[in-house]
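> Residue numbers (our numbering), protein chains in the order written: chain A, -9 to 633; chain B, 29 to 425.
No wet-lab data here; the hints were simulated from the structure.
Hints should not be assumed to be uniformly reliable.
[Claimed, not checked] Rough simulated footprint, nothing fancy, chain A against chain B, three-plus residues with beta-carbon under 8 Å: (1) 266 to 275; (2) 291 to 302; (3) 377 to 388; (4) 401 to 411.
Keep in mind it's a predicted model, so treat the numbers as computed, not measured.
Built from N, CA and C at the ideal position, the CB exists for glycine as well.
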Amino acid sequence: MASLLRSLILLLIVQSFLVAIAFGSKEVEEFSEALLLKPLPDRKVLAHFHFENRAPPSNSHGRHHHLFPKAISQLVQKFRVKEMELSFTQGRWNHEHWGGFDPLSSMNAKPVGVELWAVFDVPQSQVDTSWKNLTHALSGLFCASINFLESSTSYAAPTWGFGPNSDKLRYGSLPREAVCTENLTPWLKLLPCRDKDGISALMNRPSVYRGFYHSQRLHLSTVESGQEGLGSGIVLEQTLTVVLQPETTSVESNMQPSWSLSSLFGRQVVGRCVLAKSSNVYLQLEGLLGYESKNVDTEIEAHQLWKNAEFELSLKPERVIRESCSFLFIFDIDKSSDSEPFDLGLTWKRPSKWSCQQAPLHSSRFLMGSGNERGAIAILLKATESQEKLSGRDLTNGQCTIKANIFQIFPWYIKVYYHTLQIFVDQQQKTDSEVLKKINVSPSTDKVSSGMMEMMLELPCEVKSVAISIEYDKGFLHIDEYPPDANQGFDIPSALISFPDHHASLDFQEELSNSPLLSSLKEKSLVRSYTEVLLVPLTTPDFSMPYNVITITCTIFALYFGSLLNVLRRRIGEEERFLKSQGKKTGGLKQLLSRITAKIRGRPIEAPSSSEAESSVLSSKLILKIILVAGAAAAWQYFSTDE
Amino acid sequence: MQDLCIMAHHCCSRFLDLSQFKGLKGNQVTSCADILSAMLLRAIGQKLQMAYGLNARLLGFLKSSRDKVILPCGDIAALVYLWNPFTIVSCVGLSTSPIENLAVILALFGAVTRRVPLAAFGLVIATHLSLYPATLTIPIIFLLGYGLDAPPIKLFLQTRSVENEESSTSTVSKQAKLKQTTHLPFLWKTVAHFLFWVLLWSLYVLILCALSLNKYGGLEEMFKRTYGFILSIEDLSPNIGVFWYFFAEVFDFFRNFFLIVLHVNILFMLLPLAIRLKHRPCFLAFIYLAISSILKSYPSVGDSALYLSLWALFVNELLDMKFSFFLFCGYLGISLLSPVMHNLWIWRGTGNANFYFGNAIGYACFQIVFVVESVSAMLNHDRALKRSNSNHREVKS
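Chain A on its own, in the form it takes in the complex (with noise of 0.2 Å):
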């Protein structure tokens, strides 16, 4: 017994020693964490907590994993997902006080409750299919319903409109999701540490869902190895982006509050996630007018910047990274310890003042007309002041362009006329021609697929408003597509504006030490902000009433059917009577047979012969009868079986 636990132990070890060899040869699994503060102008702090899960390529892939997540491994070898995004969000971004220009915001603005992308690798006729069944594994993954973006009308395949071009894309959301705490706990789990260790332990349930702005957001990208033989590598990235309003004790009104990670999150960081390769937080401040100017080069007046005149920091900062428009401080969590946990604050001193880059163009939604048979969805764009600033203008032609790309899904049951686009630039009507640079439309089918516009406007830079308007006409449901609160209205899906010229990306002009965060932020995005969600009220039908409009109906019907059939086979009077003088002859139905027999043979009518013959027509008739109902009930089942 000894000797065979002792060979097993054996076994064992050497086992782990070959996994261990396996490993070792390739790349490592690499888990880090980072969390990116940030005072807003508006008196509200932002925090993003960035987790990112690489996984490298190697061919053990869906067997063995040590920090990489087995259910997203999983999910993407068997759906062959190439990229794919999946976004939990509550509250809407405030692009005018938040930023719409900075990479933060055009990755982490998101539309309101769940969108899902994906692009597959599976040839094009198993998209749809992998579609269906990973909005499904994700369903479960998640404890949300994302399978209803299963149907054929919730979800669009955009072509260029969206931002990445692939005809394997698929894009679907839905606006009417609640977000709660029962999404985040799935989502931490995936985590290695979950939310006991590192930076993670900081998100305590009630100060995350108390925030102004929540959005949960996993993106995974797969990247190939290039070497035969070996599977793809998996990037997982899982931010977590809510916007706080820390409580203020200062009575003036203009000053901006002081807070703690304390009383932001009522939690402390006590230690980094050991499983982490790197576990950072970044605080930034934008607009330090006052030392914009200077330069901070030397360490010494990097270091000093921490504590000044107009503000203070509760640590010192291990690192001071300066960006074009705004200050980086790295702290590094690894010193802080039970005793003297890592509780980073902002105290201000002085009232400050700074205002957001803002996207080129500020977009708003909205539903024109009234009533409940038709209506209109305008979009409007506003130039934000910020424009005249801009780098990134396109100039063709010697003239100054702003592109700007807008998508759309409709669903069915709003019946868009596409003829009825309107474009007002600055009030004025234009005609397709002069602004629209593309445009692609995919009507939608009554209860099979949702209707898809996208469209390239080419603006001139001086614009100050564009209004695209759009009629409709509002279809009617069939009571069970109606949801249980069916007099709330319908929600639309918000439309994606995208600035395609133009990319927001933060330029450090220093060389960074790798950490994923500050790379992703590096990376140029596409400038995108979604509008709001639309409710559209739809005309509603009784919901009590089945039973009485089938019986109203059916008696109609019978009123109908009866009524006429006893006109027709009413006789009065002396018809009557001649047909009972002729009916004591002989019996109506015999006298009918007999005469078609007869008019068969061409011999006149002939008496019936005997009652015995009549009984065997009878019966003969019975037993075709007979037949015929068990035929048409055969038939009736083959079909209704079939389908």
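Assemble the complex: chain A is given as a structure, and chain B must be docked to it using the hints.
The following block gives chain B in isolation, referenced to the frame of chain A:
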């Protein structure tokens, strides 16, 4: 000539009416279709009127003491068609029903004037446009086979036999004559000709459709999107029929069952009506159109306009119709109340779907009573003819 002047005057006034509705483009097509239909209706009516006069004279009906004047049913029908508020509404509203109605009337006109290719063309186009006029095949075959509307053949036989008894004494010749007329002379040749033309026109239409829809899925797709759409009642937007609410409310499990039952209701009545009214094919056509406008998937007031004007073709026969005032008030009330209820429900949101559906139910009831009473009045008219004929005979003998 005078009639023509009146017609021209009506046309002009219609155009003047329409010129007030500025901004409605394309109404020339619909109003021209309406005017053309009215002219064809008038021609049909004149034929029917002549036939009525001839039959009455043959039966010795006019010679009798009843000083009945034959009403100019063609003019009345044309006027009813042109001045019917339903027609005007569907014309101004740019509905396609004027064009569908024109196709139907063209088919009837062709059959009445024995222009076989024209009748076939009208029938095929009408069926292509709205499927339901396919039922008109039976009345048109009767029209071409038996001729125009006439009292039952028995009456003629009786009259003729009476006359024969009076005139001839030879039994042989009497038998021969009787043999000639005991069964109605059915013109198989014309009917075959008609069927051939129907085949030709439908092939023509189908080939044209196939050619033009080649890129968009072909004929199969066309049938699915047109006839399939009509038969499966996918669109549940409110109309003056009852199906939209029924299928918005009915349980999905029973949907197919009710679809079959409700559509078969139209087909069920075809045969009994054809047997009972085979001597009056035009009237049969009117009844078929009325029934299909009640039981249509997506009915409109344009359909009602058509059958109401066809009804006016039979004013001579249907003078004794019961409940006519009641029906008139009913139609008037419904046509006033429906827009109100629709407005309350859809636009103001103060009403309820049931209000409007109640209206639709009422409208269906009135239409049913109208159809039933028309059939009953026509049958009673035939009975009255027979009775007067037998009285006449008794008097003579």
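> Mind checking, does the region 377 to 388 of chain B have 3 or more residues with a CB under 8 Å from chain A?
With 5 residues close enough to chain A, the hint holds.
> Examine the region 291 to 302 of chain B for residues whose CB is less than 8 Å from any CB of chain A, and state whether their number is three or more.
holds (count 5)
> Do three or more residues of the region 266 to 275 of chain B come closer than 8 Å to chain A, measuring C-beta to C-beta?
holds (count 6)
> Cut-off 8 Å, C-beta pairs, minimum 3 residues; does the coverage of the region 401 to 411 of chain B by chain A stand?
holds (count 4)
The structure agrees with every numbered hint stated previously.
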